[in-house]
Amino acid sequence: MQSTNTIKETELSEETVRQLSKAKNEPDWLLQRRLEALKQFENLPMPQLSYGLHVNASPNISLNELKPLEHVTNHSAQATADAEGIAIEDLSTAAVKYENVLMPLMQGKGFRNKLEAMHAAFWNNGVFVYAKNSFGNSGKNENSARAQLLLKQKQTEIVWVVVAAEENSGISITESLVSEPVLGDRDGREQNGKGNGKNYRVEVVDILAGQGAKVNYATLQRLGSNVQSLISRNAAVENRAAVDWIDVNIGGGSTRQEIVSVLNGEGASSTMLGAFFGDENQQLDITAKAVHNARNTASNMKIKGALKGRAKAIVQSFTKIMANAANSEGHQKANILLLSDTARASPIPKLEIDNYDVKASHEASVGQLDKEKLFYMMSRGLGSRDAAKLVVEGFFEPLLKQIPFEGLTDDLRHAIKAKMEDVGEELLKNA
Amino acid sequence: MNELQIKDLHVEVEGKEILKGVSLDVSKGEVVALMGPNGAGKSSLGCALLGHPAYKVTAGQIILEGEDVTKLPTNERAKKGLFLSFQYPSEVPGVSMANFLRTAINSRRDKKNPIPVAEFIKQLKEIMKMLKMDESFMHRYLNEGFSGGEKKRAEILQMAMLKPGMAILDETDSGLDVDSLKVVAEGINKLMNPGMGILLITHYQRILNYIKPNKVYVMMNGKIVKSGGAELVHQIESQGYESIKAITQ
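Chains as they are written, first to last, in my numbering: chain A, 1 to 431; chain B, 432 to 680.
Don't take every hint at face value.
Mimicking SDA-like on lysine to any residue, the simulated pairs with C-alpha atoms at most 20 Å apart in a straight line are [to be verified]:
#1 Lys542/B - Ala418/A
#2 Lys401/A - His570/B
#3 Lys333/A - His362/A
#4 Lys459/B - Pro484/B
#5 Lys389/A - Tyr572/B
#6 Lys154/A - Gly197/A
#7 Lys333/A - His570/B
#8 Lys401/A - Ser567/B
#9 Lys447/B - Pro484/B
#10 Lys502/B - Arg385/A
#11 Lys389/A - Leu495/B
#12 Lys132/A - Glu166/A
#13 Lys371/A - Glu522/B
#14 Lys320/A - Lys371/A
#15 Lys389/A - Thr534/B
#16 Lys389/A - Ser567/B
#17 Lys302/A - Ala360/A
#18 Lys389/A - Pro524/B
#19 Lys302/A - Glu166/A
Simulated from the structure, these hints should not be mistaken for laboratory data.
Please read all numbers here as calculations on a predicted model, not as lab measurements.
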């Protein structure tokens, strides 16, 4: 009773849904989708946001603080595409123009909880990326087109990115999440704790990779420490299609995200390269999941992260191979480096395999800077800080080498260097 | 003048005394062999000389070129010309040999005057050639996946690039087959110069067939029990450490 009353007092109402939809000139079918989601939103329970055995990361979400109407502009995502055959549109506008494509894609899924339904009802910033079937069957479609999304954080961002990659198309998308204003500071987090108030980002990315399509989706998150994020990225991967995720988390106050690839078609594959570097009081709750739902499918998830200050991370890797996925291969690896005595990490590897004709592996580790390594490097003349910096850079390097976007690796290298500047002296004393 | 003077050095590890008053001298242009059975404290001396945090000096002094360096941090000792070739070098994934060495060289130079990359690469290639190392080594991650012999060569390569005034070579011969031992020993002989002293720590006389020591110290149970010329090596070779033990007792 009480919670229903609280919600009625907030912006999360039917009136808001109608206003949003009207401001965005949405077609009626889309408004109806929002209203259906609203009904579920009212009835579904909140998800469990606080969990973890050794490490407890709990995003601080108060529904009555969400203000979806505060930032309703079309094209607020600065988006550019550099090739023929690629369309980037505001999602609401695209809902009219590409109705046939988007109607099935924006079908309300079975929402698991109140927050998922909230997103579908109240999203205020949408982008549609459409890679059309213009590359034929030459097979030379990889990275043949690029799209860039620059998403600037306002008080409440409820974002929906929909990507449709048609048969044999190829596209690389880079998504850059920043807080405003970015004043060329070290990592886009200049207003940390400086009273910009609590900001919210609720983001859903839905990718459909049609037969033989190749989609590369890279995210660089450098949000301010005042931002609470709930992020869900999903890919449905058809026959011989590939979806490759790159996910870099540098900023943010509390970030809870899930990246899921469902390999629905024979020969489908997905990789996920994740890197994070948390400091101060940052909290990260990252889930990477691959679901093998067809024969000859392959997945590989690699996550590397470093934490200092009082930062916390829960990293869950989940490989699920269904009974119908013979001759499939799923691998996962998570390595976390702790750079302070107060940082906490908990990697949770999980394999669920229902077919015996498969290959699967997992590896997870949490470790501190190796003092012998530091001594070795210092014996060559390096100061303790330089030695530590080099070890941490080296820790990320093999992963960085696999990221095919130079700009992104440069940004990450820069962020690692910057975060290493003030590594605590107590850590370096080798005691 | 003795460039490295170790005076009555007492060292503890986790409260246990490992070195019980070690004194020895190494001059520039001189190779001094430190021999002894396993567990004598030879490698501990190497670690203590470079200031490994687990090795606590409870008494005595380490004097380098007339300066007491006993309390200096590891990297400051290195900058003053002390070098340790490790028995078990650490692996540092993600950091290439070239990147590491360049960082190490630049840590000794003025910040505004780093070594020019071309000059660095030229030097590196020359020394790698001398040590019969493939050039690809410079791009490999520091010691990662190196065989025992490759690690030892890489240590000598670092010594050659850093040009120390005083090098401590800890069991540089262990893990080397005969051919590799020859290459490494020849390399050390070539690198030897009047501006450098070497303290060669070894269990076996094997490497001393190739590198002739000017002086030999024998260490047992945390103490120097005997010193002398190269003839000591032959005595140990033929009669073992037991013979020295018997004499000293």
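Cross-check of the supplied hints:
1. Lys542/B - Ala418/A: holds, 19 Å
2. Lys401/A - His570/B: holds, 13 Å
3. Lys333/A - His362/A: holds, 6 Å
4. Lys459/B - Pro484/B: violated, 27 Å
5. Lys389/A - Tyr572/B: holds, 15 Å
6. Lys154/A - Gly197/A: Since the Cα atoms of Lys154/A and Gly197/A sit roughly 10 Å apart, the hinted pair holds (cutoff 20 Å).
7. Lys333/A - His570/B: Roughly 25 Å separates the two Cα atoms, so the pair is violated.
8. Lys401/A - Ser567/B: This hinted pair holds, its Cα atoms lying about 17 Å apart.
9. Lys447/B - Pro484/B: holds, 14 Å
10. Lys502/B - Arg385/A: holds, 19 Å
11. Lys389/A - Leu495/B: violated, 29 Å
12. Lys132/A - Glu166/A: holds, 5 Å
13. Lys371/A - Glu522/B: With a Cα-Cα distance of about 12 Å, the restraint between Lys371/A and Glu522/B holds, given a limit of 20 Å.
14. Lys320/A - Lys371/A: With a Cα-Cα distance of about 38 Å, the restraint between Lys320/A and Lys371/A is violated, given a limit of 20 Å.
15. Lys389/A - Thr534/B: With a Cα-Cα distance of about 11 Å, the restraint between Lys389/A and Thr534/B holds, given a limit of 20 Å.
16. Lys389/A - Ser567/B: The hint is violated at about 24 Å.
17. Lys302/A - Ala360/A: holds, 14 Å
18. Lys389/A - Pro524/B: The hint holds at about 13 Å.
19. Lys302/A - Glu166/A: Cα-Cα ~27 Å, so violated.
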